[in-house]
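J.: Residues per chain are reported as follows:
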Amino acid sequence: MSIDTRASDADLIVRSLTEPDLFTAVFDRHSAEILRYVYARLGSDLAEDVTAETFLAAFQCRGKYDGAWPDARPWLYGIATRQISRHRRAEERRLRLLRSAPADGPAEDHSDRAAERVTAQRLGPRLGAALGALPRQDRELLLLVAWAELSYAEAASALGTTTSAVKARLHRVRVRMRRELGDDDPVDKENNDE
Amino acid sequence: MSEIDTLRELRPVPPPAELEAMRMAARERFVARAAPKRAHRRWRRPLLVGGLSTAAAAAGAVAALVLASGPGTVPGQQATAGRSRTVVTAAWTVREDAGGAVRIYLREYANPAGLQQALRADGVNAIVRSIPYTLQRGFSNKPVVHPACNYVTINDRAPLAVQGAVLTVGRQALPALFIIHPDAMPPGSALFLAFMATPPRATGNIALKPVVLTDDTAPACVPVPAKVPAQSAPTPTVKKGGPVPSPLPKAA
Numbered sequence: 001m002s003i004d005t006r007a008s009d010a011d012l013i014v015r016s017l018t019e020p021d022l023f024t025a026v027f028d029r030h031s032a033e034i035l036r037y038v039y040a041r042l043g044s045d046l047a048e049d050v051t052a053e054t055f056l057a058a059f060q061c062r063g064k065y066d067g068a069w070p071d072a073r074p075w076l077y078g079i080a081t082r083q084i085s086r087h088r089r090a091e092e093r094r095l096r097l098l099r100s101a102p103a104d105g106p107a108e109d110h111s112d113r114a115a116e117r118v119t120a121q122r123l124g125p126r127l128g129a130a131l132g133a134l135p136r137q138d139r140e141l142l143l144l145v146a147w148a149e150l151s152y153a154e155a156a157s158a159l160g161t162t163t164s165a166v167k168a169r170l171h172r173v174r175v176r177m178r179r180e181l182g183d184d185d186p187v188d189k190e191n192n193d194e
Numbered sequence: 001m002s003e004i005d006t007l008r009e010l011r012p013v014p015p016p017a018e019l020e021a022m023r024m025a026a027r028e029r030f031v032a033r034a035a036p037k038r039a040h041r042r043w044r045r046p047l048l049v050g051g052l053s054t055a056a057a058a059a060g061a062v063a064a065l066v067l068a069s070g071p072g073t074v075p076g077q078q079a080t081a082g083r084s085r086t087v088v089t090a091a092w093t094v095r096e097d098a099g100g101a102v103r104i105y106l107r108e109y110a111n112p113a114g115l116q117q118a119l120r121a122d123g124v125n126a127i128v129r130s131i132p133y134t135l136q137r138g139f140s141n142k143p144v145v146h147p148a149c150n151y152v153t154i155n156d157r158a159p160l161a162v163q164g165a166v167l168t169v170g171r172q173a174l175p176a177l178f179i180i181h182p183d184a185m186p187p188g189s190a191l192f193l194a195f196m197a198t199p200p201r202a203t204g205n206i207a208l209k210p211v212v213l214t215d216d217t218a219p220a221c222v223p224v225p226a227k228v229p230a231q232s233a234p235t236p237t238v239k240k241g242g243p244v245p246s247p248l249p250k251a252a
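So the protein sequences, as listed, match chains A and B. As numbered in the working numbering, the first sequence has no gaps in its residue numbers, which increase by one up to the final residue, 194. As numbered in the working numbering, the second sequence has no gaps in its residue numbers, which increase by one up to the final residue, 252.
FYI, nobody ran anything at the bench for these hints, they're computed from the structure. Cβ coordinates follow ideal geometry from the N, Cα and C atoms, glycine included. Accuracy of the hints is not assured; some may be wrong.
Stated by the list, open to error - Computed spacing ranges between beta-carbons, pair by pair: (1) A/85 to B/217: 52 to 58 angstroms; (2) B/5 to A/89: 52 to 58 angstroms; (3) A/125 to B/187: 54 to 60 angstroms; (4) A/64 to B/5: 31 to 37 angstroms; (5) A/163 to B/5: 20 to 26 angstroms; (6) A/132 to B/217: 47 to 53 angstroms; (7) B/174 to A/151: 55 to 61 angstroms; (8) B/152 to A/14: 53 to 59 angstroms; (9) B/187 to A/66: 51 to 57 angstroms; (10) A/68 to B/121: 21 to 27 angstroms.
Claimed, not checked - A short, non-exhaustive set of chain A residues, derived as facing chain B with CB atoms under 10 angstroms: (11) 14; (12) 51; (13) 56; (14) 66; (15) 69; (16) 70; (17) 71; (18) 130; (19) 145; (20) 152; (21) 180.
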């Protein structure tokens, strides 16, 4: 088995149909990113398990991979999203945590980001509540864009819909979120007050 | 600041060591779950050649799955042209990544001889010992272990700067993650790790965090005075067990 480090994910996945070992390269490329996303959605108890299940499901259905996508991230995020949806209670617990406390990751200490961080933490409880109140599909889309940092086209691919549908839905979701948050941005307010 | 930016700021992020430990565990699960399905397929390979190979190699008393995959990647780094090698057992995983760092992911305190062998195969001059223990019955008839002796390394340890250059220790006790940089080990030095290879559900386990020793002589195991069993014997039905021989044969 030889792996060309420049080979696209699509190449590796297609070749893995006859050389299954090559799929480990897909795991090594993307597992950290998928794991971070699952961790953010479900917490540490399930992150490892759901990530393994995601790649296992991907491995088992790799024959259906659309080779037009050289980057497998949207496909993997789509599978991860379906795996995550099986753990609603864990996700609800995670959202409750978001409502009650700021993010639990190591805080970056860049001074230029401090204001954004403070704003986010102040809005956190309301944002967590608004996120929890969203319909599941809307929440999936919003988090794929916000946390997985997928483009509209990639999010559309992950969710099996069209880019225009994603744009329209995301617009509605953002309007709703803004309304739930009271269109309140403390930083803007403070800046305007000065 | 948009609601998307706010969400990004609030995204929970795992500590890097925890992330890597979880990633390795997920990799193992993935390999273990994917591999058996291949056993009956036409493309089953008889040799241990790839990340999903299923043939298990017996290493000591415990079977280990040796995986030689392509470029191993560390989160945040690009894949390199090097090769990686992984040994997986039920108790632990040892993985040498393309950059030469060796990662131990320890799930259970078991099979120290196999662990030593796997580390040495990856170029780490390792001494792994099991700590002899006595077994007693505690509350609810649960086994409670007590060390029969302790390995004292305080006088044989390499300087702190060396420890820091060679070793990164994850935050969790178990499953534990240790990252070793063999290139940073001074000539003649050794990595020492000791733990009690106890039965499942036993409480009172002791594990010594890995340390770099100035030479490759195993430290002495200093006998521990026998513990008075009064606290762990709440009822007259509790029986005190005898010493349990270490499962690790004495190695050189």
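J.: Are the hints correct? Go through all of them and say.
T.: How the hints compare with the structure:
1. A/85 to B/217: 52 to 58 angstroms: 56 angstroms, holds
2. B/5 to A/89: 52 to 58 angstroms: 29 angstroms, violated
3. A/125 to B/187: 54 to 60 angstroms: 57 angstroms, holds
4. A/64 to B/5: 31 to 37 angstroms: Between residue 64 of chain A and residue 5 of chain B, where Cβ atoms are some 35 angstroms apart, the hint holds.
5. A/163 to B/5: 20 to 26 angstroms: Taking Cβ atoms as reference, residue 163 of chain A and residue 5 of chain B lie about 22 angstroms apart, which means the hint holds.
6. A/132 to B/217: 47 to 53 angstroms: With a Cβ separation near 59 angstroms, residue 132 of chain A and residue 217 of chain B fall outside 47 to 53 angstroms, so the hint is violated.
7. B/174 to A/151: 55 to 61 angstroms: About 40 angstroms separates the Cβ atoms of residue 174 of chain B and residue 151 of chain A, which means 55 to 61 angstroms is violated.
8. B/152 to A/14: 53 to 59 angstroms: For residue 14 of chain A against residue 152 of chain B, whose Cβ atoms are near 57 angstroms apart, the range 53 to 59 angstroms holds.
9. B/187 to A/66: 51 to 57 angstroms: 53 angstroms, holds
10. A/68 to B/121: 21 to 27 angstroms: 42 angstroms, violated
11. 14: Nearest chain B Cβ about 15 angstroms off; hint violated.
12. 51: 4 angstroms, holds
13. 56: 5 angstroms, holds
14. 66: 21 angstroms, violated
15. 69: At 19 angstroms from the nearest chain B Cβ, residue 69 of chain A fails the 10 angstroms test, so the hint is violated.
16. 70: At about 16 angstroms, which exceeds the 10 angstroms cut-off, the nearest Cβ of chain B leaves the hint on residue 70 of chain A violated.
17. 71: Violated: closest Cβ of chain B sits about 15 angstroms from residue 71 of chain A, beyond 10 angstroms.
18. 130: Result: holds, 8 angstroms to nearest chain B Cβ.
19. 145: Hint on residue 145 of chain A: holds, closest Cβ of chain B at ~6 angstroms, below 10 angstroms.
20. 152: 12 angstroms, violated
21. 180: At 9 angstroms from the nearest chain B Cβ, residue 180 of chain A passes the 10 angstroms test, so the hint holds.
The earlier numbered hints that this structure contradicts are 2, 6, 7, 10, 11, 14, 15, 16, 17, 20.
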